Every structure is written in C-alpha cells, then in structure tokens.
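> Protein sequences appear in the order of chains B and A. Count along the first sequence from 1, then add 48; that gives the number in this note's numbering. Count along the second sequence from 1, then add 92; that gives the number in this note's numbering.
There could be a bad hint or two in this list.
Listed below are the simulated BS3-like cross-link pairs for lysine-lysine, each with C-alpha atoms no more than 30 Å apart in a straight line [unchecked claim]: (1) A:LYS160 / B:LYS325; (2) B:LYS111 / A:LYS160; (3) B:LYS60 / B:LYS111; (4) B:LYS325 / B:LYS339; (5) A:LYS160 / B:LYS339; (6) A:LYS265 / A:LYS279.
The calculated label-pair distances, taken between Cβ atoms and stated as ranges, are [stated by the list, open to error]: (7) A:GLN278 / B:LYS325: 55 to 63 Å; (8) A:GLN278 / B:ALA86: 47 to 55 Å; (9) B:LYS325 / A:LYS265: 42 to 50 Å; (10) A:GLN260 / B:LEU376: 51 to 59 Å; (11) A:ALA170 / B:ARG133: 23 to 31 Å; (12) B:ALA387 / A:ARG299: 55 to 63 Å.
Hints listed in this document are in silico derivations from the structure and should not be mistaken for laboratory results. Just so it is clear, the structure is predicted and the values come from calculations on it, not from any experiment. Even for Gly, the Cβ is constructed at its ideal location relative to N, Cα and C.
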Amino acid sequence: MSRDKQLPPPEKSALTLGFMRLSDSAPLVMARETGLFARYGLEVALAREVSWANLRDKLVVGKLDAAHLLAPLPMMTGLGAGGMRANLLTGLSLGLNGNAITLSRALWEALGGERDASAPGMAAALHERIAGSPGAGPLTLATVHLFSMHTFQLRMWLRAGGVDPDREVRIIVLPPEQMCDSLARGIIDGFCVGEPWNTLAVQQGIGAVAATGHEIWNNAPEKVLGVTEAWHNHHPATHLRLRIAIMAACQALAEPAQRELAADILSQAQYLGLPAKVLLPALTGRFCRAKHLAPMDAPDFHVFGRYCAGFPWRSQAQWMVRSSGALLGKDIAEEQCRALVQQSWRPDLYREAARHLGLPAPSRDARPEGLHAGCWEFEPGVVLGPDLMIGGGQFRLSAG
Amino acid sequence: MCITKPDGTNVDGIALRFPRRNTWLNTDSSKPPARVMLVDDSPERAQLVEERLWAAGFEVVAVIASAKGLLFQIQQHAPDVILIDIESPDRDVLESLAVVNHHNPRPVVMFTQQDDPDYIEQAVGAGISTYLVGGINPEQVKPVIDVAIAQFRAFQALREELHDTRIQLEDRKLIEQAKGLLMAYQKLSEDGAHRMLTRLAMDANQRLPDVARTVLATLSPGGKDKGRSR
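Bound conformation, chain B alone:
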C-alpha cells in the first residue's frame, strides 16, 4: 500500500479500454472486476469491439484510451501497412500463448489425428496429403488478422511439416467469431485462432486441434496493452497506474483458483457471452484436442503472470516486423525496423511499473529464442520459461 502513495496523481481517471471477445482479455476484465483499477484510482469502462481495425481506429481517434491489441499491430500501424499510419506503443504485454490450430474433424481424422496428434506429426501428415493429391484444390486455412501471431504460428507449423504456406494452401483472414461457422459449413478447412474459439469447435465436434500455439513456439508473445504515443505523452501517470493495475491482475491470474473465477466472469454477456465450460479448458490448463479425447495437461496454454510474461522484448518485436515484412513481400530496412521497434516497444515502461509492484524485470531488452526446453535464469532473479520453436527454429536478434 505504501508504494501506491508514491504514484503521481493520474491526469485522467475515467478511462475506456477496448477488448476483443477472447479469453486473453482476462487481465483487463479481471483488473476491473477484482477492483484493481479502482485501487489505483482509475474508473475503467470496458468496450467490446468486433474487429482489430476498429480497436486501432478508436484508439487513434481517441474514443478508446487503451486497447487489447495483437502484438504486431503497434509496429505495423507505425509502418502504415493496412488501414492507416499512426504511432502506437506498448509498455506491457498482456500474456503469452493462447492460440491453437484447429482443423475440420474430417481433415484431422484423415491426417491420422487419432494415431499421432502431435503438432509436427499433423503438419507432416498434411504435407503428405497435399503431395499425394496434386489435382485437388488448395486447402483454405483462416487466421484472424494478417499481422498477427496467428498468421506467423500457422506458417511456422505448415513449414515444419514441409508445406509451403504461400503456394500449397490458401490463407485467408476471418473474424474469430466466424471461424466455427465457416468450418462447419466447409468454407474453410482449418483456422488459427485464440481461445475460446478452438475449444468451441472441439466441443461442438466440428473440429479438432492439430497444434497449440505453445507447441509451435513455447511462450510466444501474443497480445499487448496498446495506447497511442500522444496519449502516453499526455497521460504518463494514468498510463503507469493502468499498467500497474493490469500487471497486478496478471500476477493474480498465475493462481489456478483465479483462472476458474476468470472463466466464470468472462462468460458473462458483456464480456465473452459464452458458457464457462467453453472457457475453462484453456484457462485451467486442461485442454482438449478433440471431443472424445481426455484432456491434456497444458499449464502454459495461457501465461499471464509467470516468466515475466508482461515484458515487451524488443528482440521479439524485431522478429515480428521482419516476419510481417516477409508477408508483405518486402524487406523492411534495418534502420526502419529499428526505429519502429524503438518507438513502439517500451521495456522502460514495463520496468517503471514493475518497480512499484516489486516485481523482477529484465535489464536487457533482447533475449535469444529457441534454445531452452525448460525454465531458465536470464539474469539473477529473472526466470523465463521455455522458448523452443517447432522444427528447431532459433533466432537471436538485437534489441532494435
């Protein structure tokens, strides 16, 4: 409590935060519902939005103060790829992992999901199937946004099996809420989406999971708390309080009991509006790949508090910009990439908030990826989670 008094008064205390209908909005929802925003002097309204474009636009116009954003969006908005150009930034990641690749039940069975349901096994089986039926039209797989971890994870998974994501399948964008319906109607053959939409497909019996996000890249970045640079400059104290409150919510979400509570609260109509039984498997780490299969232990399906999950690593941001550039078919110059990352990825803001909560924070902005199969100590007191990538991928990038 004594730390709270050291906080400068907020420039603005009534805020509106935007979120999408996804389980990983939990930190925002729980910070509100457990009184953490109020504890830090903020009166927060949460507004559910239907598209990432809308979240971004409302942030830029100032209708939202902050938003639950796909991790690559701040940089890609800074680049002007997509709808518009604006300077967004983040000082707090909202969690790690949380996605999965679901295939239609028929395709999953045809790929031998019953025998080997491992992520690399399924990708290899997909490659065999495509190679074995040259006359067939390409399979259609959906992602939620072009510039998203979903797209990158889908492509990593395909490549791990030897499938060329640009030539051998068709990748389209669909809103999360349209995924299950499109899969059931046979418009798409599979999708990569955040929870609870995979579990919904599994429980409805229309789909089965070929890979979890965690299996593709252990503890990959996912969503961030995004604000505009101008908003941050005008409201540094409000932004600090906001980050502290959400960080505290993320810490609480590291507790299993909180996850059940979160599923209960998220199921309410104004948040996800889905039965808690659809939200529970991923949130409690008892994830089901297919309707008839027993749940598997997936304690890191969503990571909110462990492994310094909130830290915005600039090395990961660099990777996202490069991967996005590859999608656009252009090389983003080293200098531009660095400028984008420096402007929009603010580890200094994470450290500032972590200090107030007495939480450890990495002192360096870059980390290697793809090297650790278990928890490891990055610096004294800073423990990070596994970071392996499917197919043995690795990267070591600068802080930008």
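Put chain A on the given structure of chain B with help from the hints.
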C-alpha cells in the same frame, strides 16, 4: 425496360435487374460508374443508401450483411469500392485484402450502428476510413463517400426524429395520467389539474413529464414502479 446512358449506349440487361438505375446524374460520362458493394447489417439503411448511390450514378453491384461470405461475394462481383459498416467484424477481412492483393477492391468504411455520427467524420478525417491501395484514384471514391455520408446522416436524423416523437408521446401519456389522478384525488377540473402540475413543475424546477412521473409514483396504487422509468 431500357435505359440510355448519356453517351448513347444502352444498358438494358442490368437495368432490368436494377430498375432504379439513373445514370443521367453521373457527371462524368466518359468513365464507367464506380461499381459499389454495400456491406450493412441494417437493411432499411442499406436500402436508402443504395437508392441514393444509384441516383447519383453509381452502380451498386451487391448489398450484403456482414458474416455472409464476404470473400466469395467480392470474388463474384469484383466491385471497385466497398462501403462497410465501421462496426463490422468483416473489416479485418477487407484490410487483409487491401494489403496483400492489389487486384482486389478498395474498401471504404462508412457506417456505424452506434449513435455517434461524429465518429465517422473523425475517422474519415483521420484517414482511417479508406484503404486505397494503388489502382483506383481517391478522387473517384470521394463522391461515393459523400453520397453515402449524406444518406447516412439523413437516416440518422430520421431515426432521432422518430425517437424524439416517441418520447414526446410517452411524456404526453404520463401527463394525462397524472392529470387524471389529480382530478380524482384533489377533485379538480382538467384545467385545474393542469395548472397544478405546471405549478409543481415550476416550484421543483423540473420538466412537466418528470413531475407527472412523481405524481404517478405518489398517488397511483402500485405506481412506484410505473413512474420510475420510461
């Protein structure tokens, strides 16, 4: 039915399907009209906007609701411009098309279901609403936006007017009910009851319907619930 365009060509096939076509308003006859697709979940509004677009000389190739297989519809109709509800989940789909496929249409975001027409203006002002990638000239899109905005405004105004009218009617009903009660309890004439309500309103510095609501809540049996909210 056969319609002759200003340049003398006939377009009967399409005109039969779309009898509202009115190409004479299209000021620049040397270019074919922009082919517009409308994505709107409000059918009444979509109809009005569609009519205005036809009247202004644009060709409306399709009107669909969101989540109705947008990608397939785009492939089929190949519109030049897409007008879409700013609150449509399909906006991310359109943005992805604008980014990766330069042959695809250039969507333009326009409407909102929310009672906030200012947002559109702000959004358009901030350059949010158009995803123009090469090819089409922004000046060709501008008139489409202008027509759609004008019609959107008209629709919004109409809806607000209806809303106001409904409130007025409800207020009148409340006042009549309150007058009736006052007449019964205070043995007043209708005029007397009206004067009493007016005086109460002036004393309390409240609107007449608000005072009527208080009277109803106080005097009518079980009226507390009735009077509390509209």
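> Starting from the hint 42 to 50 Å, judge whether the C-beta atoms of LYS325 (chain B) and LYS265 (chain A) obey it.
holds (46 Å)
> For a C-alpha distance cap of 30 Å, please report whether LYS160 (chain A) and LYS325 (chain B) respect it.
Status holds; Cα separation ~28 Å.
> Does LYS279 (chain A) lie within 30 Å of LYS265 (chain A) when you go C-alpha to C-alpha?
At roughly 20 Å apart (the allowed maximum being 30 Å), LYS279 (chain A) and LYS265 (chain A) satisfy the hint.
> Within a Cα-Cα threshold of 30 Å, do LYS111 (chain B) and LYS160 (chain A) meet the stated pairing?
holds (28 Å)
> Note whether the CB distance of GLN278 (chain A) and LYS325 (chain B) lies within 55 to 63 Å or breaks it.
holds (59 Å)
> Starting from the hint 23 to 31 Å, judge whether the C-beta atoms of ALA170 (chain A) and ARG133 (chain B) obey it.
Holds, since ALA170 (chain A) and ARG133 (chain B) (Cβ atoms, about 28 Å apart) stay within the stated range.
> Using the C-beta atoms of GLN278 (chain A) and ALA86 (chain B), is the stated range 47 to 55 Å upheld?
Because 48 Å falls inside the window, the suggested range holds.
> So the hint says 51 to 59 Å: do the beta-carbon atoms of GLN260 (chain A) and LEU376 (chain B) match that?
holds (55 Å)
> Against the 30 Å threshold, does the CA-CA distance of LYS325 (chain B) and LYS339 (chain B) hold or violate the hint?
holds (13 Å)
> Compare the distance between the alpha carbons of LYS60 (chain B) and LYS111 (chain B) with 30 Å, and conclude whether the hinted pair is satisfied.
holds (14 Å)
> For ALA387 (chain B) and ARG299 (chain A), compare the CB-CB distance with the range 55 to 63 Å and indicate the outcome.
holds (57 Å)
> Hint check: LYS160 (chain A) vs LYS339 (chain B), CA-CA at most 30 Å. Holds or violated?
Measuring from Cα to Cα gives roughly 28 Å; hence the hint holds.
Of the hints listed earlier, there is not a single one the structure fails to meet.
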